[in-house]
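Chains as they are written, first to last, in my numbering: chain A, 1 to 291; chain B, 1001 to 1118.
Keep in mind that the hints were calculated from the coordinates and are not lab data.
Here are the computed lysine-lysine pairs in the BS3-like style, where the Cα-Cα straight-line distance is at most 30 Å:
(1) B/Lys1032 <-> A/Lys257
(2) B/Lys1088 <-> B/Lys1032
(3) A/Lys92 <-> B/Lys1031
(4) A/Lys145 <-> B/Lys1059
(5) A/Lys117 <-> A/Lys169
(6) A/Lys109 <-> B/Lys1059
(7) A/Lys117 <-> B/Lys1059
(8) A/Lys200 <-> A/Lys117
(9) A/Lys257 <-> B/Lys1031
(10) A/Lys92 <-> A/Lys257
(11) B/Lys1032 <-> A/Lys92
Distance ranges between label pairs, derived from CB positions:
(12) A/Glu158 <-> B/Asn1114: 41 to 51 Å
(13) A/Glu158 <-> B/Ile1093: 48 to 58 Å
(14) A/Thr218 <-> B/Arg1058: 23 to 33 Å
All C-beta atoms, glycine included, are put in the ideal place defined by N, C-alpha and C.
Residue-level listing of the chains:
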Amino acid sequence: MEIPYETTARPDTGLWNAKIGIWLFLASEVMLFGGLFSSYIFLRLDALPGHWPHGLLNVPVGTMNTAILIASSVTVVLAWAALKMRQFTRYKIYMGITILCGVIFLFVKLYFEWPDKFKHFGAFIREDRLEKYEAYLGNHHAAEKGLDPRIEITGHLENPEALTDPNIKEYEVQLDQVSAAPDDPASDRPHFWQVPRSEKVAHIEKEDVERATYFLPTHSTFFATYFTITGLHGAHVLGGVIVFTYFWLPIGANLYKRNPEHLANRVEVAGLFWHFVDLVWIFVFPLFYLL
Amino acid sequence: MDETPTAAGEIVARNEHAPHDNHHDVSQHVKKYLLVGGVLLAFTGLTVFLSYVDFGNRKTNIAVGMLVAAIKAGMVAGIFMHLSAERKLIYRILIFTAMFVFALFWLTYLHWYNPISR
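Bound-form chain A, shown alone (with noise of 0.2 Å):
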């Protein structure tokens, strides 16, 4: 059964129907993400001074995802106006690239960015035992400079048994270049390059311990709001995938030669909503990854 108004304005919104339908979906979306954006604004402006972590996520893996994000917004507006050009050879270019770039994106995500810091350990020392770690800690210096006190000794755990084993009464960290050497100025901002792990392996008594993690959204409330928002974020890719997929597939060039103008606009509705992703990372970047 055809539609009405599925390639037609109607009279009274002088809009075909989808495209409302959309906008009402990316303002219930507003509300999903804001939700998520103002939660993370009162765990954020509220946190103990030392307790958001800052410069443990790979900022060029980030530039370049973003990039990947922006450039897909591009070739996704490209494919659209090759559609309503009737260009279909170029809609299937342009379309094929932005698929490549979601699927590129997600791979970079769960293939390595997410995988990396499961690896990466981290033990938040006692407060009373704060000065007994100060060689990895560095806060005389740190109170000195006016930066945040560290309370964390970051690095890649050697015994990784000492988790779950009772009897093993130390943690075995080889250490991050801040931990390793946290009096060098040149510790006290992020790098945007990610600085080689040292050599030096501390020995951290669990007894002196308050918390001791994998990078997991169990490590501190920065982690919790990265993998909740990234998660959320990554899941909407998918999705734009999945459709862009459905369009780009022979279903697609069915419905171009039946009615060319109801695929141009079945592709801008996916396109707004795959610019509103991209939207929403353009915020969640510098949040995480820079701020």
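Could you slot chain B onto chain A? The hints should help.
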């Protein structure tokens, strides 16, 4: 508005093209899309660069970062999402969305004003 009933009985508006419906218009927009894409990439580089500039305190860095992000978001919404020339109904929907989302952020802000503990 000039309306014509079609054979199927539906009402089709004439002289009521949605923005960008004209094929010639679309081809003219392509260059603009490429240009905006290039500007967005440049602004991404700018965001990263500015985040490493010491503005004296972190709050200023965050404000600068969010300002650049807001400009980028404005370009995506205005050009890619065609909001710079859209129908009134879409703006009406978005005005209400903006009101509700600001109310949501305002509720977050309110928690610092707890009269009982002060």
